[in-house]
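Undergrad: When you get a sec, could you build the whole thing from the sequences and use the hints?
Respectively, the protein sequence lines represent chains A and B.
Residue 98 in the numbering used here sits at position 98 of the first sequence; the count goes up by one each step and never skips.
Residue 1031 in the numbering used here sits at position 31 of the second sequence; the count goes up by one each step and never skips.
No false leads were slipped in.
Listed below are several chain A residues computed to face chain B (Cβ distance under 7 Å; list not exhaustive):
id	residue
1	L76
2	I107
3	K111
4	G117
5	A123
6	L143
Simulated from the structure, these hints should not be mistaken for lab results.
All residues carry an ideal CB built from backbone N, CA and C; glycine is no exception.
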Amino acid sequence: MKVIASVALCLLACVGALAADQCYQDVSLDCGQASNTLALPRCNAIYGEYGRHGNVAKELQAYANLHLERSYEYLLSAAYFNNYQMNRAGFSKLFKKLSDDAWEKTIDLIKHVTMRGDVMNFAQRSIQKPVEKKNYTVELHELESLAKALDTQKELAERAFYIHREATRNSEHLHDPEVAQYLEEEFVEDQGKRIRDLAGHTSDLKQFITNNGQDLSLALYLFDEYLQKVV
Amino acid sequence: MKAILFAVVALLAVCAPAFATQCHVNPVNIPKEWVTMHRSCRDSMRHQIQEEVAASLQYLAMGAHFSKDTVNRPGFAKLFFDAASEEREHAMKLIEYLLMRGELTSDVTSLITIRPPERNNWANGVEALEHAVKMESSVTKSIRAVISACESAKDFNDYHLVDYLAGEFLDEQYKGQRDLAGKASTLKKMLERHPALGEFIFDKKLLGIDV
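TA: Next comes the structure, spelled out in structure tokens:
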């Protein structure tokens, strides 16, 4: 029984692997029947092994959701730095930019999920690190918030690496250059630059602080003015 | 060896505050007489921000639905993705307003919670447009509730916020609702006789393509 089942599965898998003529067969079959509707279940955008093997399909949805969450968290950080007590317009601008970019990527990822014939699930979380609700706090001072920005940006970048690996190397049955190419073009490059910028900012602030903290208040003021110009 | 290390770490932890590196400027106190928003008004504004965010997520789900290969309505998808960004901008405008009035110096993290949208499927374009009309109506209703809370706080009518909400937000709500209701009517009229072709053409119209 098991043998028969596995043979049947194998056959199914083989049929799945060779996408040739499936939609056409559906059309030929359904159009010959005396029905008023066409089902054509195999006329869809799914190809390769996307969604059939490995985690890539789910991870891409989780990646969209992660961007969505980060986008609103960065938005709150931008708000906090813009209150009258913090009053750091440059830091606020930096976080607003991070928020805008993450929001844009959220929509782009959702479109990509559906481009590949999949359905977007807004509750999907990464299988790699389940329910990793990092406690994102907004009420932080300048250096702390930059540190959070750096960490969360690295998380996004490393997640892209992970999905890329899943799409190209990790799974025996899945090789998806389309996803790999998408990640490389739309995410990997920008993320590298952004991480470098944030790391550079923390290095600068670090030096102001280690200088006995003597010029800290002035340094933070000037650095904020600088951020207003470069972000 | 481990014990010594542990002792050293413990000692450092105890002494740390004594010679801690100061990484930030200490907060200062300035007069607060100018911060005049009342609590009930502030709370209803905070609630409204969450409402706008929830609406933005629901619109994202609509955009996702109409982007599916089996649904294939790029015009509707664009309409709803744009609406999602608009709702996000509304939330940002309300936040900006609170900041201008001296608010959001604390409790900022709890301002927004992300929850997956409630609904993910619509039978057709009309159903989604009608859902959008209903959603906008409830947003309008809750803006009116904010206005009401802000003009009736005890001994303090927040004229400026009331004017801002009525002038900018309600204006946009009413115009937006009219636009969605008009779209729903036009589409629904065609649906009776030409459901498939009607929605197809309407979708392309939304994309700016004349078929």
